[in-house]
Amino acid sequence: MTEKKQAMEVKEQEQVEMESSERTRDIPCFVPRADIIETEEDYQLTLDMPGMDENRIDITLEKNTLTINGYSEFERPEGYSLAAAEYRIGDYERSFRLTDKIDQENIDATYQDGVLQLVLPKAEEAKARKIKVKAG
Amino acid sequence: MYRRLRTPSLWQEMNQLQREINSLFSSYGSPRLQSAPSYPSLNIWADEESVMVTAELPGVKAEDLDISVEGGSLTLSGIREPVELPDNGQVHRHERSHGKFTRNINLPFEVEVDQVEASLKNGVLHLRLPRAEADKPKKIAIQS
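Chains A and B supply the protein sequences, listed in that same order. Throughout the first sequence, residue numbering follows the numbering used here, covering 1 to 136 in sequence. Throughout the second sequence, residue numbering follows the numbering used here, covering 137 to 280 in sequence.
What the hints contain is simulated information worked out from the structure, not anything from laboratory work. Computed from a predicted model, the values in this text were never measured in an experiment. It is possible that part of the hints are untrue.
Claimed, not checked - A few chain B residues facing chain A, derived, Cβ under 7 Å:
1) 159
2) 182
3) 192
4) 195
5) 204
6) 228
7) 229
8) 251
9) 255
10) 258
11) 259
12) 272
13) 274
Stated by the list, open to error - In silico negatives: residues of chain A with every beta carbon more than 10 Å from chain B:
14) 35
15) 38
16) 44
17) 46
18) 53
19) 59
20) 69
21) 75
22) 81
23) 95
24) 103
25) 113
26) 122
27) 136
Even for Gly, the Cβ is constructed at its ideal location relative to N, Cα and C.
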């Protein structure tokens with residue numbers, strides 16, 4: 001199978017580095033690519049996690065560490081053999097350390113088209129208070 | 137060391153190893169000669185009667201994706217929209233690529249175009265391309 005045309009810049013998928021602890025699941029684990037936007041009111045996180053079931057995505061916020069886990073339930077199609085493989089399927093895991101306090105009650109997470117969208121509203125006390133400086 | 141309870145088939149393991157070694161070597165050499173990784177990445181599954189192509193396309197909507205099959209050639213093209221930036225928003229990370237993409241592959245046989253099945257679920261595209269009746273190998277009986 002040959003290639004003719006290609007566009008769009010893509011980064012290789014990153015596999016999670018072996019850390020001191022070992023994973024119990026015997027499948028690869030990837031770091032999902034993310035976009036992070038901060039506004040005055042909230043943090044908006046967008047993560048690419050294709051092929052997940054929304055019930056198999058765990059989001060935990062402990063102190064100020066946000067951890068996103070996605071567990072793959074991929075099954076090899078029966079009767080088929082893999083002729084060419086350009087990507088691998090596995091779990092997803094990524095953690096972020098948040099600098100501001102988050103209003104934990106109002107975190108909003110949606111999973112659509114393989115993209116996880118998280119909106120983390122800042123806690124009232126963390127919202128930036130602007131102080132006007134008067135000219136002397 | 138660890139021991140696996142469920143041992144995958146030996147061939148599966150060997151093929152995986154071979155692919156990993158191949159991709160390791162392909163990353164050497166002059167960076168100028170290297171082509172950028174193509175998008176979307178495809179996995180191709182085959183049996184005797186059909187080919188199944190899967191692609192990870194997170195964030196691509198079905199209406200933004202064009203699939204065309206002509207004889208033995210498959211073209212996937214589409215657009216991935218960027219995240220909307222709110223007025224007072226500040227971007228901390230921007231790792232997800234966006235834009236137009238096109239990918240063309242040659243299939244190992246002619247395809248029965250009317251019977252191609254496509255589904256896009258949770259950002260994963262599944263395409264089933266059955267082999268054209270006219271292209272199937274024919275058994276030839278030997279006359280005695």
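We went through each hint and held it up to the structure:
Checking residue 159/B against chain A by beta carbon gives a least distance of about 9 Å; that is not within 7 Å, so the hint is violated. Using the Cβ-Cβ criterion of 7 Å, the hint placing residue 182/B at the interface with chain A is satisfied: the shortest such distance is roughly 4 Å. The closest approach between the C-beta of residue 192/B and any C-beta of chain A is roughly 4 Å, which is under the 7 Å cut-off, so the hint is satisfied. At a threshold of 7 Å, the smallest CB-CB gap from residue 195/B to chain A is about 4 Å, leaving the interface hint in force.
About 13 Å separates the beta-carbon of residue 204/B from the nearest beta-carbon of chain A, more than 7 Å, and the hint is not met. The criterion of a C-beta within 7 Å of any C-beta in chain A is met by residue 228/B, whose closest approach is roughly 4 Å, and the hint holds. Evaluation of the residue 229/B hint against chain A yields a held restraint, the C-beta minimum of about 4 Å falling below 7 Å. The beta carbon of residue 251/B comes no nearer than 17 Å to any beta carbon in chain A, farther than 7 Å, and the hint placing it at the interface is violated.
Violation of the interface hint for residue 255/B is found here, the shortest Cβ-Cβ separation to chain A being roughly 12 Å, above the 7 Å cut-off. Evaluation of the residue 258/B hint against chain A yields a held restraint, the C-beta minimum of about 5 Å falling below 7 Å. Evaluation of the residue 259/B hint against chain A yields a held restraint, the C-beta minimum of about 2 Å falling below 7 Å. For residue 272/B, the interface hint is violated, since its Cβ never comes within 7 Å of a Cβ in chain A; the closest pair sits about 17 Å apart.
Violation of the interface hint for residue 274/B is found here, the shortest Cβ-Cβ separation to chain A being roughly 22 Å, above the 7 Å cut-off. Distance check on residue 35/A: its Cβ comes as close as 5 Å (rounded) to a Cβ of chain B, failing to clear the 10 Å threshold; non-interface status is violated. For residue 38/A, the non-interface assignment is contradicted: its Cβ lies about 5 Å from the closest Cβ of chain B, within the 10 Å cut-off. For residue 44/A, the requirement that its beta carbon stay farther than 10 Å from each beta carbon of chain B is not met, with the minimum near 8 Å.
With 10 Å as the threshold on Cβ separation, the claim that residue 46/A sits away from chain B is violated: the shortest Cβ distance comes to roughly 5 Å. Under the 10 Å C-beta cut-off, the non-interface status given to residue 53/A relative to chain B is violated; the minimum distance is some 7 Å. With a least beta-carbon separation of about 17 Å from chain B, residue 59/A lies farther than 10 Å from that chain, consistent with its non-interface assignment. Every C-beta of chain B lies more than 10 Å from that of residue 69/A, the closest at about 16 Å, which supports listing it as non-interface.
Look at residue 75/A: its CB is around 12 Å from the nearest CB on chain B, clear of 10 Å, so calling it non-interface holds up. Consistency note on residue 81/A: stated as away from chain B, yet its beta-carbon is not over 10 Å from all of that chain's, at 6 Å minimum. With a least CB separation of 14 Å from chain B, residue 95/A remains clear of the 10 Å interface cut-off, as annotated. Against the 10 Å criterion, residue 103/A stays outside the reach of chain B, whose nearest CB is about 18 Å from its own CB.
With 10 Å as the threshold on Cβ separation, the claim that residue 113/A sits away from chain B is violated: the shortest Cβ distance comes to roughly 5 Å. Every CB of chain B lies more than 10 Å from the CB of residue 122/A, the least distance being 13 Å, so the non-interface label holds. Every beta carbon of chain B lies more than 10 Å from that of residue 136/A, the smallest distance being close to 29 Å; the non-interface claim holds.
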